[in-house]
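Undergrad: Those protein sequence lines, which keep their order, are chains A and B.
Residue 197, in the working numbering, is where the first sequence stops; the numbers in between run on with no holes.
Residue 280, in the working numbering, is where the second sequence stops; the numbers in between run on with no holes.
If you are wondering where the hints come from, they were derived from the structure by calculation, not from laboratory data.
None of the values given here were measured: they were computed from a predicted structure.
C-beta atoms are modelled at their ideal positions from N, C-alpha and C, and glycine is treated no differently.
In the PhoX-like style, the derived pairs of lysine-lysine whose C-alpha atoms are separated by at most 20 angstroms in a straight line are:
1. B:Lys15 - B:Lys103
2. B:Lys45 - A:Lys183
3. B:Lys40 - A:Lys2
4. B:Lys108 - A:Lys70
5. A:Lys183 - B:Lys40
Here's a subset of chain B near chain A, in silico, CB distances under 10 angstroms, partners left out:
6. Cys22
7. Lys40
8. Gly44
9. Gln50
10. Ala55
11. Leu106
12. Lys108
13. Gly148
14. Asn232
If you want the building blocks of each chain, they are given just below.
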Amino acid sequence: MKDYLRIQPPLDDTVVSRLKAGDRVLISGTIYTARDSAHQRLIQTIVNNEEMPLSLKGQIIYYVGPCPAKPGQVIGSAGPTTSGRVDVYTPLLLDKGLKGMIGKGNRSQEVVSSIQRNKAVYFAATGGIGALLAKTIKSAQVIAYEDLGPEAIYCLEVEDFPVIVAIDCRGNNLYEEGKRKYKNFMVTCKEEFKCKE
Amino acid sequence: MREVNVAEVAKAVEKLSIEANCCLPEDVLIGLQRAEAEEKSPLGKEILKQIIANAEIAQKEQMPICQDTGMSIVFLEIGQEIHFTGGYLYDAINEGIRKGYSKGFLRKSIVNHPFLRKNTNDNTPAIIHSEIVPGDKLKIVLMPKGAGSENMSRLAMLKPAEGKKGLVDFVRKAVEEAGANPCPPLIIGIGIGGNMEKTTLLAKKALLRPLNQPNRDGEIKALEKEILQTVNASGIGPQGFGGIITALAVHIEYYPTHIASLPVAVNLSCHATRHAECLL
Ligand code: SF4
Numbered sequence: 001m002k003d004y005l006r007i008q009p010p011l012d013d014t015v016v017s018r019l020k021a022g023d024r025v026l027i028s029g030t031i032y033t034a035r036d037s038a039h040q041r042l043i044q045t046i047v048n049n050e051e052m053p054l055s056l057k058g059q060i061i062y063y064v065g066p067c068p069a070k071p072g073q074v075i076g077s078a079g080p081t082t083s084g085r086v087d088v089y090t091p092l093l094l095d096k097g098l099k100g101m102i103g104k105g106n107r108s109q110e111v112v113s114s115i116q117r118n119k120a121v122y123f124a125a126t127g128g129i130g131a132l133l134a135k136t137i138k139s140a141q142v143i144a145y146e147d148l149g150p151e152a153i154y155c156l157e158v159e160d161f162p163v164i165v166a167i168d169c170r171g172n173n174l175y176e177e178g179k180r181k182y183k184n185f186m187v188t189c190k191e192e193f194k195c196k197e
Numbered sequence: 001m002r003e004v005n006v007a008e009v010a011k012a013v014e015k016l017s018i019e020a021n022c023c024l025p026e027d028v029l030i031g032l033q034r035a036e037a038e039e040k041s042p043l044g045k046e047i048l049k050q051i052i053a054n055a056e057i058a059q060k061e062q063m064p065i066c067q068d069t070g071m072s073i074v075f076l077e078i079g080q081e082i083h084f085t086g087g088y089l090y091d092a093i094n095e096g097i098r099k100g101y102s103k104g105f106l107r108k109s110i111v112n113h114p115f116l117r118k119n120t121n122d123n124t125p126a127i128i129h130s131e132i133v134p135g136d137k138l139k140i141v142l143m144p145k146g147a148g149s150e151n152m153s154r155l156a157m158l159k160p161a162e163g164k165k166g167l168v169d170f171v172r173k174a175v176e177e178a179g180a181n182p183c184p185p186l187i188i189g190i191g192i193g194g195n196m197e198k199t200t201l202l203a204k205k206a207l208l209r210p211l212n213q214p215n216r217d218g219e220i221k222a223l224e225k226e227i228l229q230t231v232n233a234s235g236i237g238p239q240g241f242g243g244i245i246t247a248l249a250v251h252i253e254y255y256p257t258h259i260a261s262l263p264v265a266v267n268l269s270c271h272a273t274r275h276a277e278c279l280l
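Pulled out of the complex, with its shape left as it was, chain A reads as follows (with noise of 0.2 angstroms):
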């Protein structure tokens, strides 16, 4: 396996496109919570010619609806929620400059072609690791939508948040090719005596 990279947002083109399908990669820096209701309003807001609470240029979003923090806590756990429910929102935010998304899952055609189109990525955080995950977010604080709780939008300062790229820029899927490479593994390499069993 390749070693991880490390990226920091803002994003540009030459740092999306160096991001293949299945790279590790390491976040610091600056990134975004939104969630389905969020996802509603930030579009709402686009729709109405109205002021955005964040510039979108360039910045990473973080599908997650953290557990609240205990005493002492930045965060509580905070590991992503299934993208495919944001997927009817994302191209109009990718078109204002949205370069990056973290989730998990995978997306539909449309977000790829806006991914393609865009020169934008999307990475993968492994699912039901929330614990793990608050460790690398250093500090958390809401700047919009607050009355939506878990699923206002927070600004989160984060070092060294491990995510894999899962659609890269060019349209490569990490789930397809996966997939693809394992579907019936055991069964194949049994037959051509390839791995010891």
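The hints should help you fit chain B with the ligand onto chain A, whose structure is shown.
TA: For chain B with the ligand alone, coordinates are given in the frame of chain A:
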């Protein structure tokens, strides 16, 4: 007759909510360690290592394993000799959830209405399934179930002629359509028989069975193995990045059914299959 004050039940549920969310059951942990040893994809192996490390952090620091601390499902086995005092049993259970989710700093993920969608802010109401059993003991099992895997669960009313093959195909399709969304490696609960609601409840209960414990019925045990091999041949792998471990286990529960029916349900559960129980 034995009297049980419902305040005791509330206290037990409060404790179970925190325990279930922070401590991964040992059989699941062992299953993950075995999967890590067997997985052929280097990336898949690394994902499994992360999952195991996460469980250790959660346990040590009493943090939720996953931020989706779920809808709380409570299974009660109520000894028929028990008389509950001090209030209504189901209110006490919801009181326990309310306190546990607040004191444990767990996420509140329940909305009041399917369309109005206002957060109830205390993770209530719980989903409660009770059964009357012989004796004077009360068994409480609490299972927090996240939406990622629940949303990918399926029910089918097959024709009896479709038989085992129909079931295997149905489960394979459900797992393939779910892909990475339910956070594989999965634990797959399957219900067969009964009627519509019975089979879904069997599928959910199947998730509570320890991982190293196949069904006692030889034919069903063989079917569990066949389905496990089938889904693991899909190539989906840990987190859907490709690999040979898509599921850690397949558990089937069955029940007699109607001459004209073959209901089957598959309840997918993620690697964070959590539950805790106690006996009062
Ligand atoms: S599917 Fe399970 S592990 Fe994944 S986010 Fe949901 S509850 Fe957590």
